[in-house]
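Asks: Sequence:
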Amino acid sequence: MPSRRRTLLKVIILGDSGVGKTSLMNQYVNKKFSNQYKATIGADFLTKEVQFEDRLFTLQIWDTAGQERFQSLGVAFYRGADCCVLVYDVNSMKSFDNLNNWREEFLIQASPSDPDNFPFVVLGNKIDVDGGNSRVVSEKKARAWCASKGNIPYFETSAKEGINVEEAFQCIAKNALKSGEEEEIYLPDTIDVGNSSQPRSRAISSITNDLAFLTIFMGMYKILDNFIHRQFILLLFFLLKVEHNGLAFATEVLGLNRPCIMQLLAWSLESISLIQIWALGKDD
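Under the numbering used here, the first residue of the sequence shown carries the number 1, and numbering increases by one thereafter.
Treat the hints with caution; some may be incorrect.
Once the Cα atoms are required to be at most 30 Å apart in a straight line, the calculated DSS-like pairs of lysine-lysine come out as [claimed, not checked]:
#1 Lys178 - Lys140
#2 Lys94 - Lys31
#3 Lys174 - Lys31
#4 Lys160 - Lys48
#5 Lys174 - Lys160
#6 Lys160 - Lys140
#7 Lys48 - Lys31
#8 Lys174 - Lys32
#9 Lys31 - Lys160
#10 Lys149 - Lys160
#11 Lys32 - Lys178
#12 Lys160 - Lys32
#13 Lys160 - Lys94
With beta-carbon atoms standing in for the labels, derived distance ranges [stated by the list, open to error]:
#14 Asn100 - Glu139: 17 to 25 Å
#15 Glu166 - Ser134: 43 to 51 Å
#16 Val129 - Lys31: 19 to 27 Å
Just so you know, the hints here were simulated from the structure itself, not pulled from any lab data. We put the beta carbon where it would ideally sit given N, CA and C, even for glycine.
Go ahead and model the full structure; you've got the sequences and the hints to work with.
Replies: Structural data, given as structure tokens:
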């Protein structure tokens, strides 16, 4: 049976609200930019297949909310990251000053095995604004900060104009690969679930490896979106199971692979965020 090996790399983007995290991700993955700002609720991610040095891998890019009330998303979100991208707005000194807070938050939550050598990449975004006349953080200042933190790679970007976005994410992918924490997942070119001799768990795993399960779950998720309490309970249950019993519950009992687990966790975290917003509204 024809087959291929794909490496999954998880990248997390952190930074203050409004610095352009979502726009950078969309520009890289979809080559699109929107002038309409919509704050990210909780967390979400996009994926892009990239070939590097004759290797095929899937870059899973997690976009996060920059608002303070969503900063503590929990270890389930940070766990398993292969690279962390810190983004600030070159026209906002506050967003630059907060880079250290975001870096420390990540190291605390993710608890990488080698925190001193964990790969970070810093992006100074929105260099196109007002032709650069509104800039308050100099490139020299930013590079000095990166040097003080272990020579973190630095790029100045414009999500709107697409400046240095491709180059930045190529560097991000290379650093993620070097982290040595990538996981290879088997993706069959064809799916055979009619063989009765194949164990049920392996048949389910074959289906989910092709991410068909995600398509089905997405439809269910859209339906349940109008029943926020039911959605919250179901997804929170899954989240807690993974948190307390480990990924063995998801992989052995549910037959899910890592991409499916990560997507379900993202939806779980978003559900929790929606409940938080609903609760805040009730308090008002």
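Asks: Going back to the hint list, which numbers does this structure go against?
Replies: Of the numbered hints given earlier, the structure breaks just one, which is hint 15.
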